[in-house]
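Based on the sequences and whatever the hints tell you, model everything.
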Amino acid sequence: MKKIVIVIFLFLVILTLGACEESYDKIPLILYNEIDPYILEFEGHILNEAEGKLEIEVFDSQNSQLLQNEIIEEVLEKNPSIMIINPVDRLGAYTIIEKIKEYDIPIIFINREPLEEDMLLWDQLYYIGAPAENSAAIQSEMIIDLFGAPGNLSELDKNDDGIIQLVILKGEQGHQDAEIRTEVVIEKLELYGYELEIISIEICDWEKVIAYNRMNSLLTTLDKEIELVISNNDGMAIGAIDAMIEHELFVDVNEDGVIDSETDIWIPVLGIDGIEEAFEYIELGYLYGTVINDSQRMSEILIELVEALLNGTGLDELSFDLIDGKYVWVDYQRYEKD
Amino acid sequence: MFKLFKNSSISQSILIPTILIVILSLLTVSLTTFFSYQMTTSEIAEDSSKEINKQIILNFDNYIESVINTANYIQQKTIEHGLKNDNAALSDIYNQAAEVQPDIESIVLIDTAGNLIISSSYKDVSIEDLTTKSWFLDAISNESIYHFSSPHQQDIFIDSTAEVITVTKMADYYIGGNKFSGIIVVDINFSNIITLASTTNLGDGGHLIILDEHDSLIYSNGDSCVPNNCITLEIAKDIIFGGESVEVDGISMYANVNNLTATRWRLATFVNTEIINQTRNSNLLIMGIIFISTMIVTMAASSYISNRISSPINILKDHMQQIEKGDFYQKIEIHGQKEVVVLTHSFNSMIEEIKTLMNKVVQEQREKRKTEFQALQSQINPHFLYNTLDSIVYLSENKMNEKVIEMVIALSKFFRISISRGKNIILLREEIEHAKNYLLIQKIRYNEKFDYEFIVDEEVMDYKVVKLSLQPLIENAIYHGINTEYDQGKILIRAFKKDNKLMLEVEDDGYGIPDEKIEELYQNIKYKQNGTSIGLRNVFQRLKLYYGDNADLIIESELDEKTIVRLEIPLERAK
Chain A
1 MKKIVIVIFL FLVILTLGAC EESYDKIPLI LYNEIDPYIL EFEGHILNEA EGKLEIEVFD
61 SQNSQLLQNE IIEEVLEKNP SIMIINPVDR LGAYTIIEKI KEYDIPIIFI NREPLEEDML
121 LWDQLYYIGA PAENSAAIQS EMIIDLFGAP GNLSELDKND DGIIQLVILK GEQGHQDAEI
181 RTEVVIEKLE LYGYELEIIS IEICDWEKVI AYNRMNSLLT TLDKEIELVI SNNDGMAIGA
241 IDAMIEHELF VDVNEDGVID SETDIWIPVL GIDGIEEAFE YIELGYLYGT VINDSQRMSE
301 ILIELVEALL NGTGLDELSF DLIDGKYVWV DYQRYEKD
Chain B
1001 MFKLFKNSSI SQSILIPTIL IVILSLLTVS LTTFFSYQMT TSEIAEDSSK EINKQIILNF
1061 DNYIESVINT ANYIQQKTIE HGLKNDNAAL SDIYNQAAEV QPDIESIVLI DTAGNLIISS
1121 SYKDVSIEDL TTKSWFLDAI SNESIYHFSS PHQQDIFIDS TAEVITVTKM ADYYIGGNKF
1181 SGIIVVDINF SNIITLASTT NLGDGGHLII LDEHDSLIYS NGDSCVPNNC ITLEIAKDII
1241 FGGESVEVDG ISMYANVNNL TATRWRLATF VNTEIINQTR NSNLLIMGII FISTMIVTMA
1301 ASSYISNRIS SPINILKDHM QQIEKGDFYQ KIEIHGQKEV VVLTHSFNSM IEEIKTLMNK
1361 VVQEQREKRK TEFQALQSQI NPHFLYNTLD SIVYLSENKM NEKVIEMVIA LSKFFRISIS
1421 RGKNIILLRE EIEHAKNYLL IQKIRYNEKF DYEFIVDEEV MDYKVVKLSL QPLIENAIYH
1481 GINTEYDQGK ILIRAFKKDN KLMLEVEDDG YGIPDEKIEE LYQNIKYKQN GTSIGLRNVF
1541 QRLKLYYGDN ADLIIESELD EKTIVRLEIP LERAK
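Chains as they are written, first to last, in our numbering: chain A, 1 to 338; chain B, 1001 to 1575.
Please keep in mind that the hints were generated in silico from the structure rather than gathered at the bench. It is possible that some hints are incorrect.
[What the hints assert, rightly or not] No more than 16 Å apart at the CA atoms, straight line, and that leaves these computed lysine to aspartate or glutamate pairs for EDC-like:
#	chain 1	residue 1	chain 2	residue 2
1	A	K99	B	E1213
2	B	K1050	A	E70
3	A	K26	A	E57
4	B	K1084	A	D223
5	A	K99	B	E1080
6	B	K1050	A	E73
7	A	K224	B	D1238
8	A	K101	B	D1238
9	B	K1179	A	E190
10	B	K1237	A	E102
11	B	K1050	A	E74
12	B	K1084	A	E57
13	B	K1084	A	D161
14	B	K1179	A	E197
15	A	K99	B	D1318
16	B	K1179	A	E183
Here the structure is a predicted model, which means the values were calculated and not measured.
Okay, structure coming up:
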């Protein structure tokens, strides 16, 4: 009898202790929004890379900083060894840094770069991303190749006025990438001496559906011919293309199922990111080209960095450069139909 | 713990575990209920204050978003019209945009030197150098984001008293096809922020504060938080973001801090949660009352029950102790539990059975004693008869007819008394008569070689004695006490009362017996079954059988003087 009581007591004690001491050895990956196809793909790459090395737990902030804050609070209670965060609002990242700093947990930011001053708040902060201006520069190179010399534009200058009439699909207002991509592509083109007529800068929050709607309403009222569409990402480019197909800006004249640059009606649309759908659209000739945001490479780097931080093996022998001990820049890659 | 119950009474072993179990289960139930209730109420309060915070944040977010949308729209139009070389239309667009949102005081585009390019207002621009304004410095410090200033008196125009927040962002504009960098300056009326903040009820003392990235207070609507003296600002600073229970001025509150999207600001709400403490206290009180009253009821009930069970058993126990002391003559009547009544019945029948058995044993013992007694008495007769008949034969041969007659009469009397119609207890008178007959016979047999004398108190003659108790002593005296060949021996027989006992003495004046011999005699008489001194032992055993320890046989002797054998027996008068 006495023994049973002791056994029960011990059992309870162990249970309580067990509940307290449960260690959390997963790596939390807190994404800003899983609806974003690029993010979804990025997530897939990360999980692939991590397989057999690390266990990653994915959280979706559903594009709400409030929700993301709640997720972070929840995750902090589990006391993870590292946190990977894709902030919803880059301006608010300083609060995330201040908060997690108190728990002494290193943070790797991805996709959205916190303000430079915020990245200086602590030495356990890392950012893996692509230099935004690099993607825009590559886009501008593609445009140069398409339109030819500034003084002597190719047949893509449909009204032959020597000016490129263009529409820009901008991501989220205030998003660093959106701002820089928009800014730099125009800057570069002007630098090369092109005359541009920006018909519209449509702010589409990175989203395909918004881009579709914006382009749809723009085309309904527009009295000009668009000669070029520059999008800050593939999703918006595809949304816009869908609207343009409905407005017969793409016509498969010979009905071979593919838009042929020689024979069919088309307008060059340029995206960034290189998501799966974009490659399909490129294959079919709707999307002229994209700039691949190399999420595969970023995922490799991310996992390598996480492992290095976890094992404490030092950051000197990494296969990539760690600029200022914080930044890893992964260059974009140009992609178009060969 | 279990040893504790081993020696306790029934009522203790009912009372203690019952109370322990009740205490334990009550404690468990009350504590779990209390804590789960406490947790639930805390959670509800936490959740609702989180929801309130979210709602406020969303309101602010929406508001900020609308301001940013307006600014984005202006920015877009500025570029659009600039690209079309149509900047003249921009004033109207700025004006309209400001009018659509009534809380927008003004929308102004200035160049990086602080000169006005486009304005939504007719007011004159301040003559001060705009490039020194903090909002200007903010704007150029990071060109990719919107900057929100602290509330201040509008300073972009002359003669403005409006309190505004200035939202700025670097923006491109075109003049004559050339791109320039400028700053869009949107002044929003601060009163709108106050309206947004004051619509939510945060409870007594509840309030909200807004702080910027340097943890400086932007706005507060609570009395406990004024610029330069804000307790809640410190709390919000520590929390950074998220929720926590805190105490402000002795009032418990739930604090929530969250970012305001698209700004560097944070908004903290402090919701009064004093109600939780109140419910906790009243819960504690109720639980305490329930606990104590349940304890009292349990103790009363269990002690009543345990008493009901144990009292009949205790009565039974007392009776058993009585029986242990030897009192078999009380019957127990117990009313109570069925088991105890049954037990009592069984006990009664057991006692009944024991009594019967005991009586039977006593009866059997008595029978056995009687049998032995009779056996011992019958041992005397043949031995003596044989000798007497021998003597009578001898007397007849010598023609001593007188003697023969005398002897036969004595023998006849002797046997009549010996038989005594089967009685074992006779009057002393009869025993004396018997002894006299015996002596008469023996005296003739021994040729008058000894003499004898009876000294008997008349008063003891009617006491009862065991039959044939005197004769063996006399026989012993004749055979061992006197020298029948040389001397004229004398035998004295005395009967008297002493120390409340009847004393029967037979004294002879023979050689006497040495002390060690007396000791040996005692041994033979009192403890051995066989051996010499059959006569004495026989008497002694019969005395013991009849009287128990109250009778005794004593031998006293003086060498060459006398020997006295004395029987001490209890007085028992004839009825």
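Here is what the structure says about each hint:
no. : hint             : verdict
1   : A:K99 x B:E1213  : holds, 13 Å
2   : B:K1050 x A:E70  : holds, 10 Å
3   : A:K26 x A:E57    : holds, 6 Å
4   : B:K1084 x A:D223 : holds, 14 Å
5   : A:K99 x B:E1080  : violated, 42 Å
6   : B:K1050 x A:E73  : holds, 13 Å
7   : A:K224 x B:D1238 : violated, 56 Å
8   : A:K101 x B:D1238 : holds, 12 Å
9   : B:K1179 x A:E190 : holds, 10 Å
10  : B:K1237 x A:E102 : holds, 12 Å
11  : B:K1050 x A:E74  : holds, 14 Å
12  : B:K1084 x A:E57  : violated, 51 Å
13  : B:K1084 x A:D161 : holds, 15 Å
14  : B:K1179 x A:E197 : holds, 13 Å
15  : A:K99 x B:D1318  : violated, 78 Å
16  : B:K1179 x A:E183 : holds, 12 Å
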